[in-house]
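S.K.: One-letter residues, chain by chain:
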Amino acid sequence: MNVVEIHNLSFTYDKEPVLQNINLVVKKKDFLAVIGPNGGGKSTLLKLMLGINTIKVGSIRVLGKVPKDSLRSIGYVPQNTNVNTDFPIKVIEVVMMGYAEGKRTLFGYGKDEVICAMSALKKVGMEDFAQTKIGSLSGGQRQRVMIARALCTNPQILILDEPTSSIDIAGQRSIYELLRELNKNITIIVVSHDISVILEYANKAAHVNKTLSYHDISDKKSTFHTHGNDEHFCEIELLQMLGSENCNDCKEEPKWRAEA
Amino acid sequence: MIEALQFEFMQHALLAGVLVSFTAGIIGSLIVVNRMVFLAGGIAHTSYGGIGLAVYFGLPIFLGASLFAVGAALLIAALTLKKRHRMDTFIGLIWAVGMAIGVIFVDLTSGYNVDLMSYLFGSILAVSSGDIYFMVALLIVTLAIVTLRYRDILAVSYDSEYASLRGVNVRFFYTLILVLSALTVVISIKVVGLILVIAMLTIPVYIAEKLSSSLFSMMFLSGAIATIFTLIGLWFSYVYDLTSGASIILVSAVSLGIFLLLGKKSKF
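First to last, the sequence lines map onto chains A and B. Heads up, the first sequence is in the working numbering, so the first residue is 1 and it goes up one at a time. Heads up, the second sequence is in the working numbering, so the first residue is 261 and it goes up one at a time.
To be clear, the hints were calculated from the coordinates, so they are not data collected in a lab. Just so you know, not all the hints are guaranteed correct.
What the hints assert, rightly or not - Quick list of simulated restraints, FRET-style, between CB atoms: (1) A/Asn185 to B/Leu323: 44 to 54 Å; (2) B/Lys342 to A/Glu16: 13 to 23 Å; (3) A/Asp14 to B/Thr349: 54 to 64 Å; (4) A/Asn185 to B/Ile492: 53 to 63 Å; (5) A/Gln79 to B/Leu471: 38 to 48 Å; (6) A/Asn38 to B/Leu471: 38 to 48 Å; (7) B/Phe432 to A/Glu16: 27 to 37 Å; (8) A/Ser138 to B/Gly390: 46 to 56 Å; (9) B/Leu522 to A/Ala170: 29 to 39 Å; (10) B/Leu471 to A/Thr12: 22 to 32 Å.
Nothing here was measured: the structure is a model prediction, and the numbers come from that model. Beta carbons: idealized from backbone N, C-alpha and C, even for Gly.
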């Protein structure tokens, strides 16, 4: 079953083309890594899938419907969860923001919401922090809470925008381990810079830089481990490995990289 | 101080102080967590345009100022929602133009020598019973909104993008917070004045923020803290014959200083 279908999608911000002729199919229980340079259109593509940006050319179907109509089935973890850390709010209140079903109580929160939020927190291993102020958590813990908020909707798809950008290496690993666990039931789409890590966990990769090139990497995963101690890949090596047709402008290694 | 309470104007002054402080504590919390202090400053100053118009057309001051301030709030909401990156320019513009309109209309009013200072820095002894009704009404409306729509306001304030994905009308609540700020500014004209109101909307809130673990408790705590500052400020103002608004603000500022020093020692 196709969870996301994108056909001939193009998008421009103020005449500046950001995405051109994008085609993409995400299947159920895929773990898709969306990679590419900054300003290449990754986040824009994601916002189009969520219906935050309006589609002008082409089409997107999420679970067979236009993005706005399937929002309840999408769990979204935005970028920059480190902003607003002074905000006086408890972990459980953040998670309950994700809850969209059922009727709402006049005052305070309903019992079903609390139960839903606690079970989501349990899934990400943060149930002991329910009453903690969000600002006193570490970056990694806060990211888990944001994932719990997304899970509170019981989503079929989980979309994450740079989930590990401000977390230390150990924390990043544990976030990805968590995503792997969740991937048993949920389709996962992750926008990320840390190519070397993400590709270890993803089974599909989409490289976005105005245009999109798609790769099934489930059988190439072993390649990434054979590089010994140096686990870091630069994008160029990676694209060469994947045999990208999109790499015309990156054949030559830039000087600074060769020196390093 | 006790014997002063037999005068009606003193009773009004105290009552107005309490009502305005509590409202300012609640709305100030929303302004601070939404990073709207500069917007509130713009609305506060531009309200002087409403005072000028009210004087010129012979309308009640509160009515003129309320209409003008709410109009400015709606304008700021519309502009900032559309072009967020140019927000500071728009606010600076509205800030000054409103004041200029006020000054010109007061100039044009023949035979009326309005005391500009009393609106900018407060004149708490001139609170009428009509003013008190207006303050009570606003406090009730504010309390009703923040308790009944607490979750929407919380969601919009904490993460507006996520809130809109969950179907919360972000534009509506953003505008609502600005309109409530505008009305809070207007009721505080007599207590602390248009310029000093910004301190009342931020100092107690800053202290409450450090002590609260939810927006709800922060709102009520800052309301309580603001009320205490106002009462102490009024006492100083009475005993030493000082301007009430400035006394309240300085009491708040000194308390904040002490709070921060103590906080540093106990490291919270």
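S.K.: Against this structure, judge whether each hint is valid.
M.R.: Going down the list of hints, with the structure as the test:
Under the hint 44 to 54 Å, the C-beta atoms of asparagine 185 of chain A and leucine 323 of chain B, about 60 Å apart, miss the expected range. Under the hint 13 to 23 Å, the C-beta atoms of lysine 342 of chain B and glutamate 16 of chain A, about 19 Å apart, fit the expected range. Remark: the range hint 54 to 64 Å for aspartate 14 of chain A to threonine 349 of chain B is contradicted by a beta-carbon distance near 19 Å. Evaluation of the 53 to 63 Å hint for asparagine 185 of chain A and isoleucine 492 of chain B yields a pass: the beta carbon distance comes to about 59 Å.
For glutamine 79 of chain A and leucine 471 of chain B, the hinted distance range of 38 to 48 Å is not satisfied, since their beta carbons lie about 30 Å from each other. Separated by about 40 Å at the C-beta atoms, asparagine 38 of chain A and leucine 471 of chain B satisfy the suggested range of 38 to 48 Å. Look at phenylalanine 432 of chain B against glutamate 16 of chain A: about 31 Å separates their beta carbons, and that is inside 27 to 37 Å. The supplied range of 46 to 56 Å is met by serine 138 of chain A and glycine 390 of chain B, whose beta-carbon atoms lie about 54 Å from each other.
The hinted window of 29 to 39 Å between leucine 522 of chain B and alanine 170 of chain A holds, with their beta carbons roughly 37 Å apart. A beta carbon spacing of about 48 Å between leucine 471 of chain B and threonine 12 of chain A contradicts the range 22 to 32 Å that was offered as a hint.
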